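Protein sequence lines, in the order shown, are assigned to chains A and B. Under my numbering, the residue at position 44 of the first sequence is numbered 44, and the numbers go up by one with no gaps. Under my numbering, the residue at position 59 of the second sequence is numbered 59, and the numbers go up by one with no gaps.
Just so you know, these hints were derived from the structure itself, not from any lab. Small disclaimer: the values here were computed from a predicted structure and weren't measured. Don't take every hint at face value.
[Claimed, not checked] Derived DSS-like pairs (lysine-lysine); straight-line CA-CA distance at most 30 Å:
id, chain 1, residue 1, chain 2, residue 2
1, A, Lys159, B, Lys71
2, A, Lys23, A, Lys7
3, B, Lys221, B, Lys75
4, A, Lys23, A, Lys159
5, A, Lys159, B, Lys103
6, B, Lys35, B, Lys221
7, A, Lys159, B, Lys221
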Amino acid sequence: MKGSLSKVLAIFWKDILLEIRTKEIVTSVLVFALLVVVIFNFAFEPETAAMNLVAPGILWVAFTFAGVLGLNRVFAVERENSRLAGLLLCPVDHMTIYWGKLLGSFTFMLAIEIIITPIFLVLLNLPLFLPRLVLIVVLATLGFTSVGTLFSALAVNIKARDIMLPILFLPVVVPVIIAAVEATALVLQGSPWGDMLTWLQIMIAFDIIYLVVATLVFQYVVEG
Amino acid sequence: MNGSGALRNYVLVGLGFALMVAALYMVFIYVPTDKETGAVQRIFYFHVPLAWIGFLAFLVVFVCSILYLMKRAVKWDTIASASAEVGVVFTSLVLVTGSVWAKAAWGIWWTWDARLTATLVLWFTYVAYLLLRSYVTEDSQRARLSAVLGIVGFIDVPVVALAVMLWRTQHPGAIIFEGGLVPSMLFTLVVCIVAFTVLYIMLVVQSTRFRNMEADIRNMKNTQAD
Chain A
1 MKGSLSKVLA
11 IFWKDILLEI
21 RTKEIVTSVL
31 VFALLVVVIF
41 NFAFEPETAA
51 MNLVAPGILW
61 VAFTFAGVLG
71 LNRVFAVERE
81 NSRLAGLLLC
91 PVDHMTIYWG
101 KLLGSFTFML
111 AIEIIITPIF
121 LVLLNLPLFL
131 PRLVLIVVLA
141 TLGFTSVGTL
151 FSALAVNIKA
161 RDIMLPILFL
171 PVVVPVIIAA
181 VEATALVLQG
191 SPWGDMLTWL
201 QIMIAFDIIY
211 LVVATLVFQY
221 VVEG
Chain B
1 MNGSGALRNY
11 VLVGLGFALM
21 VAALYMVFIY
31 VPTDKETGAV
41 QRIFYFHVPL
51 AWIGFLAFLV
61 VFVCSILYLM
71 KRAVKWDTIA
81 SASAEVGVVF
91 TSLVLVTGSV
101 WAKAAWGIWW
111 TWDARLTATL
121 VLWFTYVAYL
131 LLRSYVTEDS
141 QRARLSAVLG
151 IVGFIDVPVV
161 ALAVMLWRTQ
171 HPGAIIFEGG
181 LVPSMLFTLV
191 VCIVAFTVLY
201 IMLVVQSTRF
211 RNMEADIRNM
221 KNTQAD
């Protein structure tokens, strides 16, 4: 078990190193997510009461779209120079590859969200210190990336993969989007913990279900 | 096609036709008009069977996907794809018939109610399934990838249902199980469900046959080319 953890971390570290050197995913997706937040300010009249109602939606639309873009890259980078074949030839099982890639995409997406969230809160004049939002972001991101890493691997070998990933990904993550938006709205309203418990439970259930299912079926996606 | 297969087809088509005529007779002539909502309530006898069989079709996709990944027999993939196609058509009809009913009963075509939302999400998932199939050209890869989506997408159904249920609900609920239907209405509904089930089986059987024929023709062409 300890051996497979170090293998997972090795694959994870490979992706982190690659990202530190190329800065390919995080920078571009970060700018994109910021743009989404800014564009929404034009779509809705800023500094009105309505803005507070749509704020959670804006945040999660930005994260979802940014997530799709980032996830598209997770396996797309492996296409160049047959890196995917190399990765699959490594003496590790497919579950290890899945968890390594998952850890990578989770970290990238979380890094983007850590930067976007304060900027978003500042731009919309919302309270800045929201520890509960951190929990929501972590749970939702885990849900996004558990499904997203699987679908990223699935889409990488097919035609029109850029459009296929969101078409596959978005319907499946609907529960996470609903739960994250509702829980974020409760946090912004300053509601007590008990109110958002149901939404946290849905995200936790989703995370567990998809971590297990994706771990089991990932081998069928990358074989052959 | 061999003799028993042809016979089975005739039986299925004949049975389906007879049941459908019986269902139409019962829905439009036999069953009394609903006191509260009027004639538009009759769409319920199409809407509910379509919804149930649509769901059944996706359950079949799920089971066949698992069987394909375990056994790697092409027939499971063929049945899964035929069932997904019928399921998408039925679910589309559920959304349309539901909208027609909602306009008359609620005064609006669409509302973001739990069941409507869940059905729409389900519809998107299996449209994605069919799109995925059309984008992958290599047979075994297509079977493998779509089987994964057939499993992952179906597992989402209870989670989506739970999430949207907590989100909001206004759909007329479990009236069927609470005994809110008079016997003649329940009887009509049962006949309609049986009729649509036979229609579903017939469509999947035919569609599977066509796919097998297509595969045969492709094989013949490939042999000639060699």
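inquiry  = Checking one constraint from the list: CA of Lys159 (chain A) to CA of Lys71 (chain B), max 30 Å. Satisfied?
reply    = This hinted pair holds, its Cα atoms lying about 27 Å apart.
message = Would the hint linking Lys23 (chain A) and Lys7 (chain A) be met if the CA-CA limit is 30 Å?
response = Within the cut-off at roughly 23 Å; holds.
query = Does the alpha-carbon distance linking Lys23 (chain A) and Lys159 (chain A) stay inside the 30 Å limit?
reply = holds, 26 Å
ask   = Quick one, are Lys35 (chain B) and Lys221 (chain B) close enough, alpha carbons at most 30 Å?
value = violated, 61 Å
ask   = Is Lys159 (chain A) close enough to Lys103 (chain B), meaning Cα to Cα at most 30 Å?
value = Violated - the C-alpha atoms of Lys103 (chain B) and Lys159 (chain A) are around 40 Å apart, more than 30 Å.
query = Does the alpha-carbon distance linking Lys221 (chain B) and Lys75 (chain B) stay inside the 30 Å limit?
reply = Status holds; Cα separation ~21 Å.
request  = Below or equal to 30 Å on CA atoms is what counts here, so check Lys159 (chain A) against Lys221 (chain B).
outcome  = This hinted pair holds, its Cα atoms lying about 25 Å apart.
Of the numbered hints listed earlier, those contradicted by the structure are 5 and 6.
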